[in-house]
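Using the sequences and the accompanying hints, generate a full structural model.
Each chain, written out:
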Amino acid sequence: MVIGATTHLLACPICFQVEEGPVTAGVRAAVVVLIGVTVGVLAGFGVFVARFVARSNALRPGCEGAETVEKRPVPLCR
Amino acid sequence: MIPYTVERRADTGVTNVTMGVWLFLASEAMLFGALFSAYALLRVSAVAWPHGRDVLSVDTGLINTVVLLASTFLVWRARVGDSRSPARRLVESSVLAVLFVALKGREYEGELARGLAPATSTFLAMYFTLTGLHALHVMGGTIANLWAVLDARRVGSAMTAGRVHALSLYWAFVDVVWLVILALVYLS
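Protein chains in written order, with this note's numbering: chain A, 1 to 78; chain B, 1001 to 1188.
Since the hints were made in silico from the structure, they are not lab data.
Accuracy of the hints is not assured; some may be wrong.
FRET-style restraints, in silico, Cβ to Cβ [said to hold, decoys possible]:
#1 A:A43 <-> B:L1133: 20 to 26 Å
#2 A:V53 <-> B:A1046: 42 to 48 Å
#3 A:R28 <-> B:V1058: 25 to 31 Å
#4 B:R1008 <-> A:A43: 21 to 27 Å
#5 A:A43 <-> B:R1106: 25 to 31 Å
#6 B:R1008 <-> A:L42: 20 to 26 Å
#7 B:W1147 <-> A:I3: 53 to 59 Å
#8 A:V53 <-> B:V1047: 30 to 36 Å
Since the model is a prediction, treat every value here as computed from it, not as a measurement.
Even for Gly, the Cβ is constructed at its ideal location relative to N, Cα and C.
Listed below in structure tokens is the structure:
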């Protein structure tokens, strides 16, 4: 019943089911801003992690060009 | 001693100092992001919202912008290295940062004298919160600048260069936050 009728069981504590109004618009704007900031920060983390993975792979023993990884930021092998 | 404070780690490609400051800036971005989100909530849901240019001193805000950008520019000059020593650039940057805070204090004084307190309106509450927190960051950056200068002789030039690098990233972040505040609060 909870899964099937979630919207009927849970009233929104912000807008009290008034779907159009200044408070609802404000909450939407706030959520958009916070999502934008969060996505930006997480994207930065993603770039960091991807870079670590690439460098880690390039540093593996037997990887061609591993000894030059310090001079070249791009991954040399995967 | 913490390793990789001077030389870069092979796996990350950066020093631990740079890594640490990036993580710190990520947390700072979330802090200010939450405040900007609150600003959006309050502004969009408000029935009436004053124009910042009608209530606040835009001239002071613009002067402060120039002062802050100049302060950051000096830190970046210290980072890239020029004819003057990094320590001197950091001291000059700190003087400008203190000037920024002093101008902000004068601005607050004038606003409070006109009865524009945080309790006056939601707009002013957000204005004092955003600019006050930002001014605290400017003060913190100034203390970090002076710490880097005073500790330079003890830790050596390589460690100081890493600290200046971290400071340049921090001040760039402080500038970006200020420009957003200027656009949202003063100019809109």
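Structure-based check of all given hints:
1. Between A43 (chain A) and L1133 (chain B) the beta carbon distance is about 24 Å. The supplied range of 20 to 26 Å therefore holds.
2. The hint said 42 to 48 Å for the Cβ distance between V53 (chain A) and A1046 (chain B), and at roughly 46 Å that hint holds.
3. Roughly 29 Å separates the CB atoms of R28 (chain A) and V1058 (chain B), a value that falls within the hinted 25 to 31 Å.
4. Checking the proposed 21 to 27 Å range against R1008 (chain B) and A43 (chain A) shows it holds: the Cβ atoms sit about 23 Å from each other.
5. Taking the beta carbon of each, A43 (chain A) and R1106 (chain B) are about 39 Å apart, not inside 25 to 31 Å as hinted.
6. For the hinted restraint 20 to 26 Å between R1008 (chain B) and L42 (chain A), the CB-CB distance of approximately 25 Å keeps it satisfied.
7. In this structure the hint that W1147 (chain B) and I3 (chain A) lie 53 to 59 Å apart at CB holds, the actual value being about 56 Å.
8. A hinted range of 30 to 36 Å for the beta carbons of V53 (chain A) and V1047 (chain B) is inconsistent with their spacing of about 51 Å.
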